[in-house]
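Build out the structure end to end from the sequences listed, making use of the hints.
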Amino acid sequence: MDLIALLAIQVLYAVASLALISVGLAIIFGMMRVINLAHGEFLMLGGYAAIVATSHGVNIWIAILVVAPLVVGGIGMLVERAIIRFLYGRMIDTMLATWGLSLLLVGLTTAVFGNTTVGISAPLGSIQIGAYRTSAYTLFVIAVAGVVLAGIFAVLRWTRLGLIARGTMQNADMAAALGVNPPRVYAVTFGIGAALSGLAGAVLAPVSGVFPTIGVAYVAKSFITVIGGGAAILSGTVSASALFGTINQIATFVTTPVFGEVALLAAAIVLIRILPQGITGRFFRRSL
Amino acid sequence: MTARAWNIVGLVVVAVAGLGFLVLTPRLAELDTVLELTVYMVMAILALSLALVWGYGGILCFGQSAFFGLGAYTYAITMFNIGESTVPLLLAIALPAAFAALLGYFVFYGRISDVYLGVITLTVTLILFNSINSTAGPEFHIGSARLGGFNGIPGIPPLNIPGNRTAAIDLEGMFYLATGSLLAAYFGLRLLLVSRFGRIIVGIRENEQRAELLGYDSRAYKLTTFTIGGALAGFAGCLFANWGSFVSPTIFGLSQSAQIIIWVIVGGRGTLIGPIIGCVGIQWLSTVLGANQPSGAGSWANLLGNVPLVLGAVLIAFVLLVPKGLVPTLGDLGMKLLNARLPALPRNPAEPVKSERPESA
Numbered sequence: 001m002d003l004i005a006l007l008a009i010q011v012l013y014a015v016a017s018l019a020l021i022s023v024g025l026a027i028i029f030g031m032m033r034v035i036n037l038a039h040g041e042f043l044m045l046g047g048y049a050a051i052v053a054t055s056h057g058v059n060i061w062i063a064i065l066v067v068a069p070l071v072v073g074g075i076g077m078l079v080e081r082a083i084i085r086f087l088y089g090r091m092i093d094t095m096l097a098t099w100g101l102s103l104l105l106v107g108l109t110t111a112v113f114g115n116t117t118v119g120i121s122a123p124l125g126s127i128q129i130g131a132y133r134t135s136a137y138t139l140f141v142i143a144v145a146g147v148v149l150a151g152i153f154a155v156l157r158w159t160r161l162g163l164i165a166r167g168t169m170q171n172a173d174m175a176a177a178l179g180v181n182p183p184r185v186y187a188v189t190f191g192i193g194a195a196l197s198g199l200a201g202a203v204l205a206p207v208s209g210v211f212p213t214i215g216v217a218y219v220a221k222s223f224i225t226v227i228g229g230g231a232a233i234l235s236g237t238v239s240a241s242a243l244f245g246t247i248n249q250i251a252t253f254v255t256t257p258v259f260g261e262v263a264l265l266a267a268a269i270v271l272i273r274i275l276p277q278g279i280t281g282r283f284f285r286r287s288l
Numbered sequence: 001m002t003a004r005a006w007n008i009v010g011l012v013v014v015a016v017a018g019l020g021f022l023v024l025t026p027r028l029a030e031l032d033t034v035l036e037l038t039v040y041m042v043m044a045i046l047a048l049s050l051a052l053v054w055g056y057g058g059i060l061c062f063g064q065s066a067f068f069g070l071g072a073y074t075y076a077i078t079m080f081n082i083g084e085s086t087v088p089l090l091l092a093i094a095l096p097a098a099f100a101a102l103l104g105y106f107v108f109y110g111r112i113s114d115v116y117l118g119v120i121t122l123t124v125t126l127i128l129f130n131s132i133n134s135t136a137g138p139e140f141h142i143g144s145a146r147l148g149g150f151n152g153i154p155g156i157p158p159l160n161i162p163g164n165r166t167a168a169i170d171l172e173g174m175f176y177l178a179t180g181s182l183l184a185a186y187f188g189l190r191l192l193l194v195s196r197f198g199r200i201i202v203g204i205r206e207n208e209q210r211a212e213l214l215g216y217d218s219r220a221y222k223l224t225t226f227t228i229g230g231a232l233a234g235f236a237g238c239l240f241a242n243w244g245s246f247v248s249p250t251i252f253g254l255s256q257s258a259q260i261i262i263w264v265i266v267g268g269r270g271t272l273i274g275p276i277i278g279c280v281g282i283q284w285l286s287t288v289l290g291a292n293q294p295s296g297a298g299s300w301a302n303l304l305g306n307v308p309l310v311l312g313a314v315l316i317a318f319v320l321l322v323p324k325g326l327v328p329t330l331g332d333l334g335m336k337l338l339n340a341r342l343p344a345l346p347r348n349p350a351e352p353v354k355s356e357r358p359e360s361a
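Protein chains in written order, with the numbering used here: chain D, 1 to 288; chain A, 1 to 361.
Note that these hints are calculated values from the structure, not bench results. Careful, some of the hints might be misleading.
Each pair of labels, with its calculated beta carbon distance range [what the hints assert, rightly or not]:
(1) A:Ala101 - D:Phe283: 25 to 35 Å
(2) A:Leu333 - D:Arg33: 30 to 40 Å
(3) D:Arg81 - A:Asp332: 27 to 37 Å
(4) D:Phe283 - A:Arg111: 12 to 22 Å
(5) A:Arg111 - D:Asn115: 34 to 44 Å
(6) D:Ala177 - A:Leu214: 37 to 47 Å
Sample of chain A residues facing chain D (criterion: CB under 7 Å; computed from the structure) [to be verified]:
(7) Thr123
(8) Ser134
(9) Phe150
(10) Leu309
(11) Ala313
(12) Ile316
Even glycine gets a Cβ: it sits at the ideal position worked out from N, Cα and C.
Right, here's the structure in full:
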């Protein structure tokens, strides 16, 4: 019984972390049709921002929940202005340019921070489940994922910003005719997507540590989640994370973490063969 | 001159330059230079495989290094088990081709768009990297070959003359083999591209819907192109395993995949010579930058010695400023100069209209 509860928490954690690392990418892709191959490096920068801030005496919660999103969001907007905006409508070129950006950021952080793993210890200690112990931070990650997803839903559904964003997403020309400034919407969207990536990277930093090439560990999983989810930002991310996270965690439980990832990928490729438009291409089509 | 004449001139130039390079280099250069050039040639074969798949087939494959690595690992593992290189060499071509066919079946018959294709091929590569990386323990072995995980597989036996396992290839022989294979691959692909098959895959790249309406099954053509590319990359991987007698999971890695893309981008999509030039140029640049890395952190020279940083900057710069790549851009420039100098030349009415992309160079 305790083991099942523990496994349930682990599965929930896998789903939550998958959703967390994917949602920034999903927003950028869903809104702007831009595939950001530097996504993993945004997560990495979030981790570094949190760690550097903490080591300069900032409270760890503020470092993770405030500093990291702000820093990476700023970097994201800068990148949008400097590179992405010249490449709208040229999807493949955007992918290539962001891949270049990814290499550049890896090189830069290696030069600045060195090629070693830095970390902050996970706060909150551990909790007891029957005969087992698990880190309370796991529950914190799950909570953050829930709050982030709920927040995105609320913003998209009920605010003016969300309305403008959805309108621009559906038809940028029409939105422009109604007085919206699409370039500004894109810049803000890219910034928000980057900020969420930074948040995710910071939240996961105490779990995994941070090193310059850590983005590689995240990027494959988050892309598969976004593609598997399909066009709808929220329901796509949530449904794909739920599916892949469960598969990943159960396969990990049975074999090893690496083969858990292999199972995740195999499931994703089969899923895409069956549902080329992703889960939300077939189900929950009219959702956010 | 007509486009056809230019084509023939280009072919002759490449053939003469290639043969000259093949024959003269080992006579003129030091052995370590020959060794260095050998790996450039091997990588150029890899570049050609992507030049076919992406430049002509229009298939955005970000994971060409998966087939490269698979070829290298297949050769290494079967070589330890068999000891005679004919079967390992053939398997190092067949297995990546089969893997490409399997992956291609899922993506092309699922009718996945270009962009998703790039992401999926990239993901497959990363997963391969992670899986092989984690096989360090002695329990991971195939036959008598240990996979070695992140340590790689050292001491891979070299190729031998088919049927005679004592006649192993030496360093100079390796150079001849790599350069000869590159030339063979180049002219083989040229032949393939002027064949009916080659015309159709370029047609599909230009307008897939139109090709389908004309009755061509674009899925099958793309799958075939992808498989050929996989086989060629696998062959390059086999040569690479021979060259260093060592393979490690980094040949599946993200930076290796990125490099192949950069070679093709820099050289130019839709040409074969471009990616070869891009490959040799970038490799040379990486070697020079990596070798001149000074000690003392924080200096500008240190940043320049940081190869991923420089490659990233090169990639961004080319996408933003020279999206067509060096060879097509220079070709256009040359054409413009030529046309400006000979304004009075009457245009041959039978000459076909110059296409937007140069079909060959």
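To see whether the hints hold, each was checked on the structure:
1. Between alanine 101 of chain A and phenylalanine 283 of chain D the beta carbon distance is about 31 Å. The supplied range of 25 to 35 Å therefore holds.
2. For the hinted restraint 30 to 40 Å between leucine 333 of chain A and arginine 33 of chain D, the CB-CB distance of approximately 33 Å keeps it satisfied.
3. Between arginine 81 of chain D and aspartate 332 of chain A the Cβ separation comes to about 30 Å, which falls inside the hinted range of 27 to 37 Å.
4. Between phenylalanine 283 of chain D and arginine 111 of chain A the beta carbons are some 19 Å apart, a value that agrees with the proposed interval 12 to 22 Å.
5. About 42 Å separates the C-beta atoms of arginine 111 of chain A and asparagine 115 of chain D, a value consistent with the hinted range of 34 to 44 Å.
6. With their beta carbons about 39 Å apart, alanine 177 of chain D and leucine 214 of chain A fall inside the hinted range of 37 to 47 Å.
7. The interface hint given for threonine 123 of chain A holds, since its Cβ lies 4 Å from the closest Cβ of chain D, which is under the 7 Å cut-off.
8. For the restraint placing serine 134 of chain A at the interface with chain D, the shortest Cβ-Cβ distance is roughly 4 Å, inside the 7 Å limit, so the hint holds.
9. Given hint, phenylalanine 150 of chain A at the interface with chain D, is violated; its Cβ is 12 Å from that chain's nearest Cβ, farther than 7 Å.
10. A hinted interface residue such as leucine 309 of chain A counts as satisfied when its beta carbon comes closer than 7 Å to some beta carbon of chain D; here the least separation is about 3 Å, so the hint holds.
11. Residue-level restraint check for alanine 313 of chain A holds (minimum Cβ-Cβ distance to chain D is 6 Å; threshold 7 Å).
12. At about 4 Å, the closest approach between the beta carbon of isoleucine 316 of chain A and any beta carbon in chain D falls short of 7 Å, and the interface hint on this residue holds.
Hint 9 from the earlier list is the only one contradicted by this structure; the remaining hints agree with it.
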